[in-house]
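Going down the list, the sequences are from chains V and E. Numbered according to the numbering used here, the first sequence spans residues 1 to 424. Numbered according to the numbering used here, the second sequence spans residues 1 to 424.
The hints are simulated quantities; they were obtained by calculation from the structure and are not laboratory data. Here the structure is a predicted model, which is why all the values come from computation and not from measurement. Be aware that a few hints might be false.
[Said to hold, decoys possible] Listed below are the simulated DSS-like cross-link pairs for lysine-lysine, each with C-alpha atoms no more than 30 Å apart in a straight line: (1) E/290 / V/300; (2) E/65 / E/140; (3) V/117 / V/414; (4) E/192 / V/300; (5) V/130 / E/414; (6) E/376 / E/140; (7) E/290 / E/325; (8) V/195 / E/300; (9) V/287 / E/300; (10) E/5 / V/287; (11) V/5 / E/287; (12) E/325 / V/248; (13) V/253 / E/300; (14) E/325 / E/300; (15) V/395 / E/414; (16) V/137 / V/111; (17) V/300 / E/249; (18) V/414 / E/414; (19) E/325 / V/287; (20) E/290 / V/287; (21) V/249 / E/300; (22) E/34 / E/325; (23) E/395 / V/414; (24) V/192 / E/300; (25) V/192 / V/34; (26) E/300 / V/290; (27) V/300 / E/287; (28) V/5 / V/253; (29) E/195 / V/300; (30) V/66 / V/34; (31) V/290 / E/290; (32) V/290 / E/287; (33) E/325 / V/249; (34) E/325 / V/290; (35) V/414 / E/130; (36) V/253 / E/414; (37) E/248 / V/248; (38) V/287 / E/287; (39) E/248 / V/300; (40) E/253 / V/300.
In case you want the letters, here they are:
2 protein chains.
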Amino acid sequence: MNNNKRSYVSTVPKANPLRVGFIGLSAYKGWAIKSHYPAILQLPSQFQVTALLNLDIETSLATIKKLKLTKATAFSDVSSFASYDNVDMVVISVNVPELFTIVMELLENSKANPNLKYIYSEWSLGKNLKEAEAIHKAAKERGVQTIISLQGRKSPYVVRAKELVSEGCIGDINSIEIAANGGWYGYERPIKSPKYLYDAASGVSLLSIAFGHTIDILQYITASYFSEINAMIFNNIPYQVLLDEHGKKTGEKAEKTAPDHLLFQGSLSHGNVPVSCSFKGGTPVKKFSKNLVIDIHGTKGDLKLEGDAGFAEMSNLVLYFCGLKKEGSMNVSTGSSGAETMEVYHLRNYNSVVGNILRIYEAIADFHFRTNPRTKLPPKLERQGFLFEGFPTFKDALIVHQLIQRVIESSQQKTTLPTSFEAV
Amino acid sequence: MNNNKRSYVSTVPKANPLRVGFIGLSAYKGWAIKSHYPAILQLPSQFQVTALLNLDIETSLATIKKLKLTKATAFSDVSSFASYDNVDMVVISVNVPELFTIVMELLENSKANPNLKYIYSEWSLGKNLKEAEAIHKAAKERGVQTIISLQGRKSPYVVRAKELVSEGCIGDINSIEIAANGGWYGYERPIKSPKYLYDAASGVSLLSIAFGHTIDILQYITASYFSEINAMIFNNIPYQVLLDEHGKKTGEKAEKTAPDHLLFQGSLSHGNVPVSCSFKGGTPVKKFSKNLVIDIHGTKGDLKLEGDAGFAEMSNLVLYFCGLKKEGSMNVSTGSSGAETMEVYHLRNYNSVVGNILRIYEAIADFHFRTNPRTKLPPKLERQGFLFEGFPTFKDALIVHQLIQRVIESSQQKTTLPTSFEAV
Numbered sequence: 001m002n003n004n005k006r007s008y009v010s011t012v013p014k015a016n017p018l019r020v021g022f023i024g025l026s027a028y029k030g031w032a033i034k035s036h037y038p039a040i041l042q043l044p045s046q047f048q049v050t051a052l053l054n055l056d057i058e059t060s061l062a063t064i065k066k067l068k069l070t071k072a073t074a075f076s077d078v079s080s081f082a083s084y085d086n087v088d089m090v091v092i093s094v095n096v097p098e099l100f101t102i103v104m105e106l107l108e109n110s111k112a113n114p115n116l117k118y119i120y121s122e123w124s125l126g127k128n129l130k131e132a133e134a135i136h137k138a139a140k141e142r143g144v145q146t147i148i149s150l151q152g153r154k155s156p157y158v159v160r161a162k163e164l165v166s167e168g169c170i171g172d173i174n175s176i177e178i179a180a181n182g183g184w185y186g187y188e189r190p191i192k193s194p195k196y197l198y199d200a201a202s203g204v205s206l207l208s209i210a211f212g213h214t215i216d217i218l219q220y221i222t223a224s225y226f227s228e229i230n231a232m233i234f235n236n237i238p239y240q241v242l243l244d245e246h247g248k249k250t251g252e253k254a255e256k257t258a259p260d261h262l263l264f265q266g267s268l269s270h271g272n273v274p275v276s277c278s279f280k281g282g283t284p285v286k287k288f289s290k291n292l293v294i295d296i297h298g299t300k301g302d303l304k305l306e307g308d309a310g311f312a313e314m315s316n317l318v319l320y321f322c323g324l325k326k327e328g329s330m331n332v333s334t335g336s337s338g339a340e341t342m343e344v345y346h347l348r349n350y351n352s353v354v355g356n357i358l359r360i361y362e363a364i365a366d367f368h369f370r371t372n373p374r375t376k377l378p379p380k381l382e383r384q385g386f387l388f389e390g391f392p393t394f395k396d397a398l399i400v401h402q403l404i405q406r407v408i409e410s411s412q413q414k415t416t417l418p419t420s421f422e423a424v
Numbered sequence: 001m002n003n004n005k006r007s008y009v010s011t012v013p014k015a016n017p018l019r020v021g022f023i024g025l026s027a028y029k030g031w032a033i034k035s036h037y038p039a040i041l042q043l044p045s046q047f048q049v050t051a052l053l054n055l056d057i058e059t060s061l062a063t064i065k066k067l068k069l070t071k072a073t074a075f076s077d078v079s080s081f082a083s084y085d086n087v088d089m090v091v092i093s094v095n096v097p098e099l100f101t102i103v104m105e106l107l108e109n110s111k112a113n114p115n116l117k118y119i120y121s122e123w124s125l126g127k128n129l130k131e132a133e134a135i136h137k138a139a140k141e142r143g144v145q146t147i148i149s150l151q152g153r154k155s156p157y158v159v160r161a162k163e164l165v166s167e168g169c170i171g172d173i174n175s176i177e178i179a180a181n182g183g184w185y186g187y188e189r190p191i192k193s194p195k196y197l198y199d200a201a202s203g204v205s206l207l208s209i210a211f212g213h214t215i216d217i218l219q220y221i222t223a224s225y226f227s228e229i230n231a232m233i234f235n236n237i238p239y240q241v242l243l244d245e246h247g248k249k250t251g252e253k254a255e256k257t258a259p260d261h262l263l264f265q266g267s268l269s270h271g272n273v274p275v276s277c278s279f280k281g282g283t284p285v286k287k288f289s290k291n292l293v294i295d296i297h298g299t300k301g302d303l304k305l306e307g308d309a310g311f312a313e314m315s316n317l318v319l320y321f322c323g324l325k326k327e328g329s330m331n332v333s334t335g336s337s338g339a340e341t342m343e344v345y346h347l348r349n350y351n352s353v354v355g356n357i358l359r360i361y362e363a364i365a366d367f368h369f370r371t372n373p374r375t376k377l378p379p380k381l382e383r384q385g386f387l388f389e390g391f392p393t394f395k396d397a398l399i400v401h402q403l404i405q406r407v408i409e410s411s412q413q414k415t416t417l418p419t420s421f422e423a424v
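Working from the sequences, and respecting the hints, build out all of it.
What follows is the structure, encoded as structure tokens:
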């Protein structure tokens, strides 16, 4: 298998690119200009920005001018944006605390809009399970194809790891250890850093971001959800030291309710595989381990993913593989000709912030333009699940939210809990 | 501090060495001849074997002859051995399933023996908590000084790590990850391997050996017990493939009830430190991680202990340290003169099987002969706890057994459990 090759349509010019309405694209700040926009720029035949919505219309107008988005119209509110029929796809890249209201309003006000087919939202799709469920339900009723930015699934290292697992190159997985060190939630924080990042209720936390993305990647690679989990959530740093713009201590402190450590352990339903996870908050400063390690052990070999911080979905990783490999074979584990081999996968200049999201856009284009003759995807993708093809959907997001909810319950109730998502 | 320097009495000739009665020393097989005996040989002025008891008296007589134990008498049963008054210390090195009966019989039958002062037993002091409690109680009533072979505490790497922690060289510990791969309990086993090793009830298991020793070392280094724990015990390999003496598959299988994986997580009572542990059974074959890793992170630096298998107590380790260090200072963390430094500790030719036990014998000699002018040890050492000086006792063993019992309960009851040993 080679699921890392370039997508079918990505270089084919199209007369009718998907018209993209963007909520939260500013030329001046934010995540979208660093990730979504450079990705879309690489697919000019497939995507074209036609509408823009920001907190204020001035930002949208200035962005249109600066980025030369000649086909784009600026809007001042969600309802007029939602009813604009020159849009096939809406991309929502706003701060998580604001996401719920905007998405719900968009879905409500776009009901009469005949052309809107795709909604692509940033993870985490709402602050909590309740919001994610409501959004998922509303999107389903609205009938749009959803896409969620669990973009770690598109990391070339994750895809390669998944291939090696699915081809039996490490045999049956029998244990997994994960240790990650996230960026926020440590002893210090910049005084200008938005408060919601340190508020447990905001939905942007070690649990949703570092754990959510990483565990989604793990489930994707192993093609298994969890059957049982236990978690312990720590807030050992209830007050953080504030730093000025030069990184110097201001002498002030600020409250933090967001967790700074998560211990998680459980068994994967496929193979009852023990998984041990330690997610640490704060600056990644580990000296003798990489600050992101996913260590997968099997009966025939090992896989190890390493990165510089606990953000697997946007880090350039290194994949180490030792195991059996036979070119062209779909199932090495049963063949006797597989010889043990050792490989390292690393693209030194891979821009993972843009690259993983670019590959989501490629997957959307592949799905929409249907140029892949081998595609087995249905006309509507309810969830990607563990498919190589396609893209993660709101349903996939919901499954991660359900796991996070179980993590919170397990920690609060001090219990080991069953988790079953197969029947979701 | 330098707690790794040679003990005070180890080279001082003594007119009256401690007279050692040995249960389970055979010149031909077993653990004692590889570990205890070479250790005692290095301390001829402090220890002298005067009595020997094995399953049969022929083994003892042959051992006396072969090892030239000219002062030793062979015994044929525990009761006559126990009443032999030419013994100051009894060392018990037998298989764990037999340990309880022998120790209890020894304590019972030695009541009239005026000279017996020390009983040194192999870990795990009984098959389970119940046996360990009974032995501890009987030894206390008998009034002997107990010593337990939790010899990992005497590993020079463990002692050095403990020093660095206690001197504040890595600041406050804020997270710990442990991953270990034990030797037994995997997919295969030698046909001649004793059955009790694979029987969950035998008391020799991934829990008691790999986990027990390692977690005792961790608690010793951090000077903290656990306040809360969760565990999941796995037996994913209920049948093992049997191998002949050449390592070839015989085609037969044998039942295994002993666990092959333990997931453990919890918080240390001192600092509420999150600790994540994954103990894997089977041949240590990890390719991209050492098969024993203890990763300790602090606010000022890191410590990492690595070894080749999940038996920290008898492995030659490597200790990596990065943090603050000021020569001669007892508390670096509060001093401003500490500069970050990086060091690796490794004695290439350290024989850890003998060495750690030798250092227990040295500690016993130091304790008995009282030649250390700085000693703060009481006349009777109820437990070593987190002292550098002294040696682990039956009480220390009991504390580890209580933790193991909690691990079993946590896994069975699917709960996160409080653990408090301070008041034991």
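Practice problem: Could you check the structure against the hints above and give me the numbers of any it violates, in ascending order? | Solution: 2, 3, 22, 28, 36 and 37
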